[in-house]
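Chemist: Protein sequences, first through last, are from chains A and B.
The working numbering puts the first residue of the first sequence at 205, with every later residue one more than the last.
The working numbering puts the first residue of the second sequence at 221, with every later residue one more than the last.
Bear in mind the hints are in silico, worked out from the structure with no lab data behind them.
Take the hints with a grain of salt, since some may be wrong.
As the list claims (entries may be wrong) - Here's a subset of chain B near chain A, in silico, CB distances under 7 Å, partners left out: (1) Val-233; (2) Ala-236; (3) Ser-378; (4) Ala-382.
For clarity, every value in this text was computed on a predicted model and none was experimentally measured.
Idealized CB from N, CA, C, for every residue including glycine.
Each chain is listed here by its residues.
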Amino acid sequence: MQAHSELPPDGIPHGLPHRDAVGGYDEGAPGAQEAGPLVRPYVIAQGRDHADTVQLDMISVVIAAKRAEVDEMALEPEQIRILELCRRPQSVAEVSAHLDIPVAVVKVLLSDLLNRGLALARAPYTAKSPVSRDVLQAVLDGIQRL
Amino acid sequence: MASNDSDDTQAHVPAALKILVAGGFGAGKTTLVGSVSEIAPLSTEEVMTEASYGVDDLSGVESKTTTTVALDFGRITINPTLVLYLFGTPGQERFWFMWEELSEGALGAVVIADTRRLETCFAAVDFFERRGVPFVVAVNCFEGAHTYEADEVRDALSLDPAIPVELCDARERESSKNVLVTLINRVAEQMAA
Numbered sequence: 205m206q207a208h209s210e211l212p213p214d215g216i217p218h219g220l221p222h223r224d225a226v227g228g229y230d231e232g233a234p235g236a237q238e239a240g241p242l243v244r245p246y247v248i249a250q251g252r253d254h255a256d257t258v259q260l261d262m263i264s265v266v267i268a269a270k271r272a273e274v275d276e277m278a279l280e281p282e283q284i285r286i287l288e289l290c291r292r293p294q295s296v297a298e299v300s301a302h303l304d305i306p307v308a309v310v311k312v313l314l315s316d317l318l319n320r321g322l323a324l325a326r327a328p329y330t331a332k333s334p335v336s337r338d339v340l341q342a343v344l345d346g347i348q349r350l
Numbered sequence: 221m222a223s224n225d226s227d228d229t230q231a232h233v234p235a236a237l238k239i240l241v242a243g244g245f246g247a248g249k250t251t252l253v254g255s256v257s258e259i260a261p262l263s264t265e266e267v268m269t270e271a272s273y274g275v276d277d278l279s280g281v282e283s284k285t286t287t288t289v290a291l292d293f294g295r296i297t298i299n300p301t302l303v304l305y306l307f308g309t310p311g312q313e314r315f316w317f318m319w320e321e322l323s324e325g326a327l328g329a330v331v332i333a334d335t336r337r338l339e340t341c342f343a344a345v346d347f348f349e350r351r352g353v354p355f356v357v358a359v360n361c362f363e364g365a366h367t368y369e370a371d372e373v374r375d376a377l378s379l380d381p382a383i384p385v386e387l388c389d390a391r392e393r394e395s396s397k398n399v400l401v402t403l404i405n406r407v408a409e410q411m412a413a
């Protein structure tokens with residue numbers, strides 16, 4: 205959904221501009237000054253701003269615990285929706301997209317569910333757990349099967 | 221009833237990998253993601269503060285600059301234990317603060333070059349080059365745009381000869397697949413180096 209355009213619809217250039225190989229980007233590039241919609245999504249998370257102990261990534265995969273007894277009264281409505289959605293494995297990003305809740309808030313809500321034993325999460329491959337040749341081969345095979 | 225819940229072990233939860241698809245606005249990031257994804261690309265919107273993300277300090281809200289960033293992503297289930305996510309990453313330089321988090325742990329990246337405005341991918345090339353993130357450049361061939369040879373684009377981008385440059389049509393699954401295959405081979409190459 206590309207709702208805004210900041211590049212002018214320009215004509216076709218006659219040559220390609222060249223990138224300076226030395227690179228040189230300004231680390232402190234000023235961000236956008238546009239005001240975001242100041243809804244208060246964090247109200248859902250009861251003001252908590254960090255996922256307390258559980259480090260969740262955008263692509264941590266989460267699944268609802270099968271046998272857990274869920275006391276719905278003790279949960280936020282959003283958490284119940286998350287558990288329903290996560291009957292099948294979903295990444296944090298997917299939960300966010302499907303339920304239309306910002307990723308940061310999903311992380312807080314999920315962290316709570318994980319701490320209560322109502323859901324399980326699997327950390328993604330990261331720089332600390334790099335992929336093996338076998339995994340890479342599986343990815344290659346998977347893409348080629350598409 | 222303290223029986224062990226072995227059915228609930230993590231063995232049932234697949235692990236995820238991600239590939240970033242970067243490029244300027246309108247270069248075809250979401251198109252490429254959509255052409256290979258098994259789901260229609262999803263979009264997650266993040267309200268972020270510039271200084272730090274995810275932090276909501278109620279006392280200083282008025283003074284903070286917030287930015288809404290939409291991330292489009294797709295999914296490819298590789299096998300029951302492995303899921304690959306493709307994230308279209310906002311190309312503009314002002315989103316660098318997000319690239320940090322996004323590139324963390326990424327398998328690699330596809331930089332989509334739009335020859336109608338090649339300079340919009342310079343920032344992404346710089347970023348991945350500096351981070352040592354394996355990447356390939358996919359030149360999206362738009363109808364009506366003057367076409368360039370891969371080598372002309374390579375030259376314009378001053379790329380290391382090892383970085384693959386491939387012409388593609390992001391709308392075509394086969395074409396996008398080829399780009400991803402090239403990337404995975406590049407990742408393997410870089411792992412071996």
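Chemist: All hints, please: hold or fail.
Modeler: Results of checking the hints against the structure:
1. Val-233: Holds, because the Cβ-Cβ distance from Val-233(B) to chain A comes to roughly 4 Å (cut-off 7 Å).
2. Ala-236: Holds, about 4 Å.
3. Ser-378: holds (3 Å)
4. Ala-382: violated (14 Å)
The structure does not agree with numbered hint 4 stated previously, though it agrees with all others.
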